[in-house]
Amino acid sequence: MPDLLSHAFIAFTICTLLSLRYDWLTGEYVTVGMAGAFIPDMAKIKLLVDSATVEAALDIPFDWLGVHTLGGAFVAVLVGAVVVNRSDRRRVAGLLSLGAASHLFADALLLKASGRSYEVLWPLTQYHPPTPGLYLSTDIWLTGVTGAIAVSAWLFTAES
Amino acid sequence: MLHSWVGRAAAICGLLAVLFALMVGFGTATPASELGDYPAEDALAADYDRYVGESVQVTGTVTGTEPVEIAVEYEYAANGKRYSGTLAIVVRNVDRAVAEGESLQVYGTLGPDWTITAENSVSVPATNYVAMYLVSALAGLWTLGRLVCGWRLNWQTGALCRREEPLRPIRALRTQVQEVRA
Chain A
1 MPDLLSHAFI AFTICTLLSL RYDWLTGEYV TVGMAGAFIP DMAKIKLLVD
51 SATVEAALDI PFDWLGVHTL GGAFVAVLVG AVVVNRSDRR RVAGLLSLGA
101 ASHLFADALL LKASGRSYEV LWPLTQYHPP TPGLYLSTDI WLTGVTGAIA
151 VSAWLFTAES
Chain B
1 MLHSWVGRAA AICGLLAVLF ALMVGFGTAT PASELGDYPA EDALAADYDR
51 YVGESVQVTG TVTGTEPVEI AVEYEYAANG KRYSGTLAIV VRNVDRAVAE
101 GESLQVYGTL GPDWTITAEN SVSVPATNYV AMYLVSALAG LWTLGRLVCG
151 WRLNWQTGAL CRREEPLRPI RALRTQVQEV RA
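As you go down the protein sequences, you meet chains A and B in turn. Counting from 1, position 73 in the first sequence corresponds to residue 73 in the working numbering; the numbering is continuous, with no gaps. Counting from 1, position 100 in the second sequence corresponds to residue 100 in the working numbering; the numbering is continuous, with no gaps.
Worth flagging that the hints you see were computed from the coordinates, not collected in a lab. Backbone N, C-alpha and C define an ideal beta-carbon position, used for all residues, glycine too. It is possible that part of the hints are untrue.
Here are the in silico distance ranges between beta carbons for each label pair [unchecked claim]: (1) Trp-141/A <-> Pro-112/B: 19 to 29 Å; (2) Ala-172/B <-> Leu-47/A: 49 to 59 Å; (3) Ala-46/B <-> Ile-149/A: 41 to 51 Å; (4) Tyr-48/B <-> Gly-147/A: 21 to 31 Å; (5) Arg-181/B <-> Ser-152/A: 42 to 52 Å; (6) Gly-85/B <-> Lys-44/A: 45 to 55 Å; (7) Ala-78/B <-> Ser-152/A: 19 to 29 Å; (8) Pro-125/B <-> Asp-59/A: 33 to 43 Å; (9) Leu-134/A <-> Arg-181/B: 42 to 52 Å.
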């Protein structure tokens, strides 16, 4: 995905449509799903301090992209679940997971020269699943498409 | 146990330690072509000869077209020291027209003397990164704004709680405007 806005739109759309089915899923909870979509891109810290700098400073292997995987995102979701009260914990963990999973899945469809995506299921496996290559990481039109779908979903639920 | 500041802070520190350990573990992973994890920029820079004859995937900026040459940025650490720089790699068998300045991702076989024989390539037009960061920041502000309006911090327990009455700044503003008009 080109930017975080597309990921936020996707999570917003999924959660908004789910609110049709679940009455408890109000706007505040939709926000939690959107926050979940930000989790994998915490790896963008590398733009400020790249992994090699951390490795050199601590003299151990290190890669920020660990959070852009199943295992890393799962632990980050647990942090979110700890921050809220017990009554909200299950819902928040579920919605953060949904948001993070939508992000990891969308990124697994990016076009790559090798036809293979990234180690999305790490640490379970280092396997890079084949990618259908639906879009490039710079396709800005995607932001428009996901945005239009998000607005439609919002209008649809506001009416019903 | 997770109802107080202390309990929450301890749990969060513990989880962040696990997350850090995962990132360290992820950093130890080495390329594994049989799993689709092909050697990339940093691996080539660190130990080029080891991967000669193997399939690799690198991304770089096109600096020449006859023959196609790309500038590939890398950074890696070894023995507590950080190394970074740019590799100049000649790409043979590129089956598409490429222009200088665009970004090219190449998958192919690594040859000696800094060459790759391409099997497939993907070209990406030069990107406006500033615009992309601005759009991403917009997403952050949108979500943060929604979070502040719907949730609040309970200072006694350190918990994030749903507001019983969510803040509605837009609706409030609209009402005010209507009142002024009336």
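Hint by hint, here is what the structure shows:
1. Trp-141/A <-> Pro-112/B: 19 to 29 Å: At roughly 41 Å between Cβ atoms, Pro-112/B and Trp-141/A fall outside 19 to 29 Å, so the hint is violated.
2. Ala-172/B <-> Leu-47/A: 49 to 59 Å: Cβ of Ala-172/B to Cβ of Leu-47/A: about 37 Å, so the range 49 to 59 Å is violated.
3. Ala-46/B <-> Ile-149/A: 41 to 51 Å: For Ala-46/B and Ile-149/A the Cβ distance comes to about 43 Å; the hint holds.
4. Tyr-48/B <-> Gly-147/A: 21 to 31 Å: 44 Å, violated
5. Arg-181/B <-> Ser-152/A: 42 to 52 Å: 31 Å, violated
6. Gly-85/B <-> Lys-44/A: 45 to 55 Å: Since the Cβ atoms of Gly-85/B and Lys-44/A sit about 22 Å apart, the hinted range of 45 to 55 Å is violated.
7. Ala-78/B <-> Ser-152/A: 19 to 29 Å: For Ser-152/A against Ala-78/B, whose Cβ atoms are near 51 Å apart, the range 19 to 29 Å is violated.
8. Pro-125/B <-> Asp-59/A: 33 to 43 Å: Roughly 40 Å apart at Cβ, these two residues keep to the hinted range, so it holds.
9. Leu-134/A <-> Arg-181/B: 42 to 52 Å: 48 Å, holds
When each numbered hint is compared with the structure, violations occur for hints 1, 2, 4, 5, 6 and 7.
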